[in-house]
Structure formats: C-alpha cells, structure tokens
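Generate the whole structure from the sequences, applying the supplied hints.
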Amino acid sequence: MPEPMGFYTDTTVCIGCKACEVACKAWNQLPATDGGIAELSGQSYDNTLKLDGIHWRHVKFIEQFAEDRSEGRWLMLSDVCKHCVQAPCLEVCPTGAIIRTEFDTVVIQSDTCNGCRLCIAACPFGVIDINPAAGTAQKCTLCYDRLQAGLVPACAQACPTQSIQFGPIVELKERAHQRLGQLQAQGESRARLYGADEEFLGGLNSFYLLVDEPEVYGLPRRPVLPTRNLRRSSLWATAGAVLLTLLGVLGLRKRRIEEVAQDGTANSP
Amino acid sequence: MSDTFFTTSPHWGIYVLLYFFVGGIAGGSLFLAGLLHLFGTPADRATVRTGQYVALVGAALSALLLTLDLTKPFRFWHMLIESNTGAPMFKAWSPMSVGAWTLLGFGALALLASLGALGESRGGRWGRFARLARGGPGGVLAVAGAVLGLFFAGYTGILLSVTNRPIWADSTWLGLLFLLSGVSAATATLFLLGRRIIQPRATRAWLVGFDRRILTLELLVLAVFLWSLGAVAESWVGWNGILLAGGVAGAGILAPLLLDRSERRAQRETRRAPAAAGLVLLGSFLLRLLVLVSSAGIQASGSGVTGR
Amino acid sequence: MAECHPVAFRWPLKAKLAGAKLIHVDPRFTRTSAMADLYAPVRAGTDIAFLGGLINYVLHSPRWNTDPFFQEYVAHYTNAATLVREDFADTEDLNGVFSGLLQYTGGVREWPFNGFIGEYNRSTWQYARQAERSPEPHGAPPARGATREPFDQLIRSLKRPAALKDPTLSDPRCVLQIVKRHFSRYTPEMVEEVTGCPRATFLQVAETVLANSGRERTTAWAYAVGWTQHTYGPQMIGCCALLQLLLGNIGRPGGGILALRGHASIQGSTDVPTLYHSIHGYLQAPSALARHATLRDYLAAEAQPTGYWANMPKFLVSYLKSMYGDAAQPENDFGWDWHPKIAGDHSHLPMFVAMAEGQVKGMLCIGQNPATSLNASLERKALRKLDWLVVKDNFLTETATHWYKAPEVERGEVRPEDIPTEVFFFPSAQVAETDGSFTNTQRMLQWHFKAAEAPGDCRSDPWFTYQLGVRLKRLYAGSTLPRDQGFQHLVWDFEPDQPGSVPGEPAIEKVLREINGFQTGEPATQLAGFSELKDDGSTTCASWIYCGVFPAPDQNLAKRKQADPPDHVGAQLNWGWAWPANRRLLYNRASADLDGNPWSERKRWTWWDGKRWTGVDTPDFPTTKSPRVLANPAALGLDAHSGASPFIMKPDGVGWLFNPAGLLDGPLPTHYEPAESPVANALYRQQSSPVLKRWVRQDNPLVAAGDARFPYVITTYRLTEHYLAGAMSRWNPWLAELMPELFIELSPELAAEKGISNTGWVRITTPRGSIRAKALVTRRLRPFRIGGKLVHQVGMPWHWGWQGVVTGDVVNELTAFVADPNVSIHEGKAFVCNVARD
Ligand SMILES: Nc1nc2c(c(=O)[nH]1)N[C@H]1C(S)=C(S)[C@@H](COP(=O)(O)OP(=O)(O)OC[C@H]3O[C@@H](n4cnc5c(=O)[nH]c(N)nc54)[C@H](O)[C@@H]3O)O[C@H]1N2
Ligand SMILES: Nc1nc2c(c(=O)[nH]1)N[C@H]1C(S)=C(S)[C@@H](COP(=O)(O)OP(=O)(O)OC[C@H]3O[C@@H](n4cnc5c(=O)[nH]c(N)nc54)[C@H](O)[C@@H]3O)O[C@H]1N2
Ligand code: SF4
Ligand code: SF4
Ligand code: SF4
Ligand code: SF4
Ligand code: SF4
Ligand SMILES: [Mo]
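Chains as they are written, first to last, in the working numbering: chain H, 45 to 313; chain V, 1453 to 1760; chain S, 5 to 842.
Keep in mind that the hints were calculated from the coordinates and are not lab data. All values derive from a computational prediction rather than experimental measurement. Please note that a few of the clues may not be correct.
The list that follows gives simulated cross-link-like pairs (lysine to any residue, SDA-like), each with its CA atoms no further than 25 angstroms apart [as the list claims (entries may be wrong)]:
hint, chain 1, residue 1, chain 2, residue 2
1, S, K25, H, L237
2, S, K758, S, N838
3, S, K25, H, H221
4, S, K18, H, Q87
5, S, K18, H, A229
6, H, K217, S, A19
7, S, K20, H, P204
8, S, K25, H, Q108
9, S, K385, S, E417
10, S, K18, H, Q222
11, S, K758, H, T282
12, S, K758, H, D112
13, S, K25, H, R234
14, S, K169, S, E76
15, S, K778, H, Q87
16, H, K217, S, A22
17, S, K365, S, R487
18, S, K793, S, P737
19, V, K1543, H, V151
20, H, K298, V, T1554
21, S, K563, S, W467
22, S, K18, H, L237
23, S, K454, S, F498
24, S, K454, S, F430
25, S, K793, S, R722
Have a look at this one:
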C-alpha cells in the first residue's frame, strides 16, 4: 500500500496559463463545451467558469484592483477535486461507485455510477457533475491510471511553473510550510494554507497555498460532511412522526367515544 | 456567505419533484390506512383500502420516477446491489441508500396490504388474500405500513438536508416539514377519493379535523425552517419567497384552515371542503417545487457564486 | 512573458522563489504583471523615454559614479572613451534629429517600394581618428592558385587609423559625455509626463535595477515584440543594451538582454535565414544597391579588418562552395555572379505593396497567414493581384480561403469570379511528422524526432522545398541564359542513402551536414568548428555559425540530452548545441575583470587560470590569449584587440554605447512618438522618427498627431490560449473554449464614458478599417495622464479570423503599413483608434 499522494498547489506562482486544464482534457479525452464554441464570459480570463463532468481542472482568475490602481493583484488558482480524506461525495454515494484508492485518492467508478447525482449535491466544492459523453458523474481521478503506471498526473506534468506539485502528502506539507514561512517573512500576512491540516474533512489531499480569504477564491471557509445534518433532521422528523401518530390515535379514540355516546342516546326510549 | 453556496446543483428536475410529491402522498396514505385499520371503526374500512391502493400506486410511480431520473436508468439496481461484487449495497448514513431500501419494503407492504384489501372487498378468487386484512397479519401490516409510511413520507426532506447544497443543508427541519406536508397531502387525497367511495361522514370529518391539526403544525414548522436558515433566508427574497408565502403558507395552509373553520360552523359538509383539499395538495406540491428551485438557482461560478 | 513564453517563464519564477525581484513594464496589467514584484505601467510606444530615464538616473547616481566596478567595466569594455567626429551633431543640438538628415534618394527604378521618407548620411557619426583618410577598398588581386590567405591584402587594405580616445572620459567629444548630454533631459518628471508611469513607480524601478547591478549582482532584461513592433523598435533594444553596458550587465551570468523569440525556431530562420536581407550566419545579402559587384567589392564593403569579422572571406567562400560546389572556383569568384542579389527592401510590407501594384506574379505561402496580417484588407487586395498562390499549411487558413470568404467578399464588394488568382492548397505535415532541429531563443539547436506519419497527401516543408528545387533544376537544365546558371550549378543533393517511409523526403541530416560544413575534398570529414574554415575553397560550409554542431557523421550534437547534475552551477553544455561553438553566454570574457579574474565569486563564469581561459561555459575568447596582451595596431582580426577586449565581433573589441555604424536611424536611442499618436512629442520638436518607413497610399492612411476623431491609443498582443493568426489554436475545441470570442480590453473609466458594458459589443475604428469585438471591461487597463491630458488606452488580442472552430473579426484590419528603417518591423504595438458601443 503506497503512502497517501496528492497535490500541493502554490497559487502564488500560478500564471493562469491553463496548461493543466488542457493537459487534463487531452489525457482524459474530455470534450469541450459545445465543441469549443463558447461565449465570452466577461469574468476576467475565465471562460470555462466551473469544474464539471468535462472540466476536471478549472483555472480561476480574481482581479483585485483599487479604483485608483494604487493597489492591484490578479490572483489565479487552478481548481480541482480536493480528494478529501473524509470525502462527502464518497460518504453519500448510494451505489458505492465512489471509492478511496491505494493512493488515498477519491475515484468515481464510471461503470458503477448510475447517475443519481447525490454526490454532486454532497461535494462542498462543486467539483462533480455529469459528463454528458459518459452519462455518469465524473471528476478528477488524480490520474489513477497514470499513478498506477508510476507517472505524474498530466496536469502537474504540464504545469510550467510547478504551481501544481504532486507527491507524497507528507513531503508536500513540508514544502508548503517552508513556502508559507518564506512568504510571511516577506511580509505577506494574508498567506495561509488551505486544507493542509485536519481542520476540516480530515484534511485535503489536494491542498492550497492562498494569499487571501478562501471565499475570495470561491472556496468554502469550513467545508463539512453532509451527514452532519443527519442526526438532528432525523430527530425532528421522528418527533414529528410520533406526535402525528398520537394526534391520530387520540383523534380516533375521541371519535369512538363520541360515537358510542351518540348510540347510547339513540337507544334510549 | 454560507459554505453551501460554493457547490453545484444536482439538477434534480421534474421526476424528482413528482417523486417527492407522490412519495409523500403514498407514505402518508399507508400511515393513515394503518391508523384507521388499528383505531378506526368498520365504517372506515373503505378508506383504509383506498389508502392502501394509493400507497401501492404511489410506490410503483415512485420507483418509476426515480429510475427515470437516473442518467443510467438500467443501473437502478446498483442502489441495492453492488454491481461489481454482487453484495447488498446499504449505507445506513446515506438517506438515498436507506430510501432505496425503504421504497422496496414500502412497496412490498403496500402490495400485501392492497391484496388484503382486494380480498376483503372483492372476495371471489381474491378471497384467499382476505386474511391479510384481518387479525394478526392485518395488524402487523398496518403497524409496519404506518411506520414505513411515515418514514417514506419524510425521508426525502432529510435526504436534501444531508447534502451541502444551499437552503437544503442550511437547515435540519426539511425532513419534518416534508413529513407533515406529505401526510397532510395524503389526508387531502383520501378525502377527495372518498367522494367516489361513498365515505361515511364520520371518516371524512376525522380526516378534515386531522388535516387541520397537521396544517397548523406545518405552518409552525415552515416558520421554524425559515428561521433556522439564518442569513441564508435572504435567498428567499424574490419570486420564490413570494410564492412560498402566497402559495404554500397562504393558499396551501391558511386558506384550507379557514375554509375548514367555516365548514365547521355550518356543522355540515359543504361544497367547500374539496376546494380546501385541492389547495392542500397544491401547497405540498409548491413547497417541494420551491425548495428544489430556490436551491438550484444558486451555483458556484468563476471564482464566486451566481444566481443570488 | 508569462502569456507568451509560459514554459520559459518557469525560470524567472524559480529566480523569484530564490529571492530575485521581478519587474514588469507593460501598458496592460497582464498575467506577467500578476507575478511581478513591481509593475510599471507605460503608454504604448514610450519605452525609450522610460529606458532613457533609467540611463539618466544611473549616470547621475552617486553609486554609479563612485563604484569602481562600473568605472572599470565602462572605461575598458565599452566605447565610452572613444571620441566622435567634431561635426557630429546630436538631437540635443538639432531638436530631435541627428546630423546628416537628408531626403531619401536611394533605391532603384525597378523597386520603388522601399518606403523611406528620409535617410541619414552617417559619416558624421563616425569615430574621430588620427589623420582621417578614406580607406582604399580594393586590395591587390591575389596570386592565382594556392596562395594561403588570398584575401589577406584585401582585408589589410581596409585598415584605418586608430580612433582617438580619452581614458579620463572627460573630453566633451567622448562617447560617455555625448551619452550624458543626450539623456540629460530624460528626467523622472519627463518620464512621467511622456510614459504616464507614476514617478514614484519609475524611481522604484530605477533604484531596484541599480541596486541589483554591480560586482555581486546582475540584472537581466527580457523583451519581445512589445519592444520591437515600433517604428524605432531596434533603437528600443539598443537603448536597453546601452543601459546594460553602463551597468556592467553584459557578458555576465544573470545579465544580458534576452530576446524572447516567436515562432518555434524563428531563431533558426534568422540564422539560416528565410529573410531576404541576409545570407547564412548574418552576412549581408549581396545587393544591387551596394558596392557588391564582385566578391572583392562585397568584402571591401562588408568585412572588417579588425575583430572576428576579419574572417569574413572564409565564411563567404565556404558558403559559396556550399551553393555551387566544384563549379565555384577562385577563377570565377567562387560563382559570385550566379548568386541572387537584392534590389531593395523585399521584406513583408514592401513585398505586399509591390504585389498590390501587380509587380509580383506568384507567391509560395508556406506557414504564414498574410490574409490576417497588417492592414489586412490591403494585404488581401495584394493577394487578389497574384496570378497564382500556393498555400502550404496544416489548415485551410484565411489566406487559402480569402478569395471566397474574406469580409469584402461577404460584403459583396469583391466577387470571386473577378479574381484572376489560381489558388493551390498544399496540405502540410506537422513538425512532429518529420525529423529536424529547432533553434531556440538561446541559439540552442535541439533535435526533434519524427513521431508519426503525416496523413494522406501531407508533406513536410523539407520535402516541398527539396522537390521544388529538383524540379526547377530540371526546368533550367537546358537553358542557355546566363541568369539560369545559378540554378544549373546549384548543388542540390539531399537524396537519402536508403529510401525512407515518405518517397521524395530529403535526408535531413545531409542538410545539416551542408550547414555544418565539411572538407571540400572528402565530404565525410565534417568540420569541428569555424576556426577550420578556409577562404581558398578547401572547406564547404553553408552557415559558419552552425559549424561544429555536426562534427562527425555519427555526432549530431543537437541530439544531446544530457543535463547537468542537480544543484551544480553549469551551462548545460551537453544539452543540445548552441552557436557559436556551443557558447551559452555571448561575450562571456566580460564576466572577468581586466586581469581575467571573475568580478565576483558569486558571478564567476569564464576566467583566466594563468595559462588559458576556462570556466563553466565555452569561453567566448581566444583560449590561450592572455588578458594582459596589448592590442597590436598593425595586426588584423583579433590580434588587433588587447587581451581585455571581450566584444570580439566588434572592430574595436568593446561594447558600443554609441553606434557609429549599423543603425540607419541614429547612433543613440531617442524618444519619438509612434507614427500615430494622440499626443505631441514632449521631448523634441521632431514628432516621430524622421526616417521611419511609410508606404503612402490611399489604402494605407495615417492620421496626424492628436486627431480628435481617433483619440485612443490601441495596442495589439497575444493570449496564452491562442497562437498568432489562430489557425493552430482556433481549430482546437480545447483551446477555443478557453478564449472563444474576440474582445477588446478597456478600462471601466472609458467604458463608462462610452456607455459600453462588459461583454457588450464594441465597434473599433481606425483610418484603415473598422471591426467588432466584445468588451472586456477591466481595471487591468488604466487611463494615463500624458502632459496633463487624460489619454485612454485599449488593447486587443489579434488571434481571430473567419476560419476555424471559433471565429471573429481580423484585428489587423486596423493596423497600418509603417515600419522601422533598419529591419522594416511594423508598428502593430502602438497606433490610434476610436471605440463606440455597437
Ligand atoms: N501563447 C502564445 N505564445 C506565443 C505566441 C502566440 O501567438 N501565443 N506568439 C509567439 C510569437 S510569434 C512571438 S513574436 C512572441 C511575442 O511575445 P510577446 O512580445 O510577449 O507578445 P505580445 O503579447 O504581442 O506583446 C507582449 C506585451 O507587449 C505589451 N506592449 C504593447 N505595446 C508595448 C510597448 O510599447 N511597450 C511595452 N513595454 N510593452 C508593450 C502588450 O501589452 C503585451 O502584453 O510570442 C510567441 N509566443
Ligand atoms: N497586429 C499585430 N499583428 C501581428 C503581430 C502583433 O503582435 N500584432 N505579431 C506579428 C508576429 S511577431 C508574427 S510572428 C506574425 C505571425 O503571423 P503569421 O505567421 O502569418 O501567422 P501564423 O498563424 O503564425 O501562421 C503560421 C501558419 O503556419 C501553419 N503551420 C504550422 N506548422 C506548420 C508547418 O510545419 N508547415 C507549414 N507549412 N505550415 C505550418 C499554421 O497552421 C499557420 O497557418 O504576425 C505578426 N502580426
Ligand atoms: S472534493 Fe468533492 S469530489 Fe473531491 S473528494 Fe472531496 S467531496 Fe469528493
Ligand atoms: S451519481 Fe454516481 S457517483 Fe454520484 S452518488 Fe450517484 S451513483 Fe454515486
Ligand atoms: S490529476 Fe489527472 S484527472 Fe485530475 S486534474 Fe490532473 S490531469 Fe485531470
Ligand atoms: S498549468 Fe500551472 S501555471 Fe498554468 S494555470 Fe495550471 S496551475 Fe497555473
Ligand atoms: S507553446 Fe510550445 S513553445 Fe510556446 S511556451 Fe508552450 S511549449 Fe513552449
Ligand atoms: Mo513573432
């Protein structure tokens, strides 16, 4: 059993070239939206806009400029499945199509998935969607096939700046903390790691170095497991069910008594 | 902004909507049938049977709708059996997994109960099933049916809450809300169907009375649900909110309540009750529609969120 | 750089992670700016003002004036001390022009398309010399037969008296003083007024650059077409070179000016040129305009008696042998008369003007898409005048389809049946479908191997060119016309020894062998380096600079793929092969001080170990020439240089701050406004370059400075997602969806003023044309304050056309035929337009 593998993405060196996005499509032979005939989104240089069944990587562009341009940043982040250690999608999948691999990554088995789409609603990061070509829910496999062949994932391989770093999670975390220290030493107080510890979902096997709040990058601040709501929801519902039953039973009993009373009067001379 | 806003919609559309509606009625009906079987009078038998038939038809419809909703319908069985190992597939913590098994069990119960009902009413070659409607077996079916019925009517709401989608996962009250509106819709259904099977006034009065109580509860829970959303409640500002207030709370709950009250004054069945029942059905349908639509409108896009 | 050279950009980012500071100077905030520590916005076309400001800042900074490193480097490694002729007059004296400005009179009747509006007589720009006497160009004819160095006397006859110098650098006529005066008006205030770059930002850049130059640190400048595509493009790069020489950043690791080149192997296409104006190895193309009548005339005009170019006869004769083989003999000037001669500027723009005038019969368009190129409607008008057009491409490009799909055809202004041109489409193989070499921007040759068979009738470019040659030779075989003798004698044998998978495909390594060179007697003996070249015909070599890449039949050094071990400071000398002589850093003798010791341990690269030059790189200096050797005024070639003269290609062995020769538009960089500009030149009365090229035609109108109808500066550029005219990217759905539609980037301020909304349609108009694009409103663009006036600037990527998966208007409908006088580079980077909601 190999050790857990994953991604450390240093967004501060992402140049938004989208090589990762294209390399992923090439390796996994994913179609383009409408054969490539898309519309200009107007949202900076982002025209694919989201992760879905045919976009397993998606590069985000965030423009932060003061009105007088005295301050200006253009943040970029290559988004992908986080391969959560406690994966919401895997948790709820009713067919067992979603599995955890020997690399501690999360993979959807397309031949098992029946397209109920619960995982889509369960993923806190909006990663999964149906791939119209396959007709099943799909997402980044962390190049399970390449990993099994001892290769680096296509996206990491293509990344010219090593913004996407692939490797054993333990090593990646060391590197990430070094880089974080460097940035903080340079006075980048906003620098932080996202998903590099157990704070949520047991940690993310694809974690990020950010230089702003997670929300700025379209990431949930504190992603959670869907089942967090299970207990309470069931409790209220059960209570309600009991109450309903009582009401019903009592109502019917009352009616019985009334009827009996009525009959009594009816029989009297 | 709620963490649920960075997620993608599962695009649950018309099939799921109809399933939520039909399932609620089916579950509620078997629950009512059970109650009337156990605690009702012989006069209620016809209604018990109707309830059981409704449950059966509803279960069948539900199975159909759910299968149609899958992008790979012929793999519906993957919900019950692991396709690659053949082992049974069950996740106690995944409402959809549990729901799949429930539907199976519920369907079976509804089938047996309906057979019993046929035996009881038709006799003849159906006669041999009559024992399912009487004595021990009848009792067991009634109890089990009532329990599974309630579960079936309510679990869909829990399923929505056990995700990470906006509104659904931002409250834990959807399960109860769906349960109540499901059972109330069931009472309305039995009431309406009752007009065809000359239903005794006593039964009808009880149904109406029971529904009034459920509706009152539902109104209360609806309020609690909205309150529990906290800041997310903002996303109801707009048409969805107006429809929720006017359509669900107003037309679907308050109106029937008022109509029933006026009916009670008349101390006699008027021509208004069916209208009330109709409104109840409309309300419970709208409720599910709006809960689905309002959440689906919120999508992760670019580096942010659209649709709010 | 992040946008257009993303893979190369990994190195700047590695440097950044190692603590280097990244600065980006650009009119727009781009993906490169996003990575930079410091972003300096400038109005398009004003970099000379910016760089001039830096030069002025450096020259007046206390550190530069006191740090001995700068003093030594500049005094000994540049021509700072050299005196310039008395009659030289600077832009300071003539308000924006140099001495010697004339009306253009050059050119020949047969080629009236050169586009010059003026020209300089450059005699006054020369060095002041002892007893000036005009050189005697013709040496005595060499004895026939086997004299060893027959061209020696000729070269010797070119010698001129040594130039006057003032080692104290104080003489007002010395280069340094001239430079100081020239840039004195480029103050921070002036920089802000001209470029629009906030003064504080400019000063931050200046401080950072100076602080990171010197003994221990170096600063490197990388540029591409943001600097070149101007009517003073070469001057822009020259200006940076001047700054780098002043800062001692040339010939040292981590220094230099790095040209980030374009098309894959565009470097190779200038080394082994597809250019009209030079033959292999940067030798001037023989010209009917210059004194090139005979081989000797040519050498007299082009060769230098001192410096490495004194070897030019060897390069040229070996080249002629590669052209005409045995037919090339001393008796017939090695076939000089057979060699084609140019009659003027035959580069892209004048060529298309000639075409539009009906002066060009046919065109082989191989890997180019002119139907979308500058002033596209004029280019297409020209194409319609052709008798025949061959398009050899991987895709049915706009050029291949212009005759039935161009906008003017769609609009009904042109009818296909009225176009006389016969158009042939020749499907082309891709790079991966043939063997060959790429030469990258570091002058490094890397071999690429055939990965797949080309589909169907697709053939490689070598196949096409070789087969064309074979057929033409056959065609002219019987001719008795003198002009056809060139073809008859042309050596054209690249037949593979054993037939390959594609019939007719030439043996590509035979081409490389001819380029590398061999002993004329026995072709199997390939040359190991250009030091082996002879001027008596005994060696054959097409391109002297590539000599050594293929030293033996089994040693194609371009195929090497051996990287240096990790964390070893080296030059990767066993990875591929870089010209010249596998040197990775040119003029690297400058990385050592006068005595040959590294300026600093941190920056050691090439040094003198007491007996020889060594280091991590191939020394760019005679290996055993001691740093203490004095110059020998009587000698030729490198012997005329001292051991402390790193710039071996220069006749005087030093880097040129002041250019007495080489450039047509001035010995020093000077800020001019682009040919079209919304503002007046704040520095001089002279608005734009007095010698820029402009083709005055009614279909190529330009507007005067400040024309209110076209108030906005517009620049054009590339996106990472697309490639040039788009054939290679807009046909690919994966790339198309990333950038699906043509857009114009503009600031919220301008958008608001014009009522334009994000993703709304905009109409962009220039005097040449009008197109439609969607608006991308972003604060990455900003209005500039230029001389108190608010100047808006817009930008457009130019990758779209009517062919492909995603299509859009052709941005080059907007651009003009204007160019720089040295290399005729167009001004696609700065012109004016108007925008309106559409
Ligand atoms: N993805 C991609 N890569 C490419 C190409 C491609 O088409 N697509 N083309 C290749 C080719 S052929 C070439 S030549 C190179 C070109 O490489 P680049 O020169 O980098 O390409 P451009 O985007 O045309 O211009 C670069 C920048 O110059 C800025 N600019 C415009 N005017 C000025 C000015 O006056 N001063 C300054 N300082 N900046 C200015 C533009 O805003 C732009 O950001 O790229 C090569 N690489
Ligand atoms: N306004 C404006 N105009 C510009 C520029 C600008 O910045 N602004 N940039 C200028 C610059 S730097 C350049 S380099 C030019 C580029 O302008 P062009 O060279 O005209 O445009 P490309 O799209 O590069 O055309 C190359 C063609 O070669 C084809 N091709 C690819 N590989 C092969 C092959 O192996 N063999 C053959 N035969 N064909 C092949 C491609 O399909 C493509 O059609 O544009 C110039 N025009
Ligand atoms: S990110 Fe989403 S899809 Fe990926 S593992 Fe986590 S929950 Fe599943
Ligand atoms: S869509 Fe497929 S993968 Fe997702 S939960 Fe349903 S079955 Fe599992
Ligand atoms: S790991 Fe593989 S599948 Fe996942 S994004 Fe990268 S390339 Fe695509
Ligand atoms: S390839 Fe690397 S640099 Fe380019 S967008 Fe992806 S992550 Fe960023
Ligand atoms: S396109 Fe090719 S040449 Fe250009 S950067 Fe990318 S890999 Fe390098
Ligand atoms: Mo280029």
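Inset, instruction - If any of the earlier hints don't hold here, list their numbers in rising order. - result: Structure breaks hints 4, 11, 18, 20 and 25.
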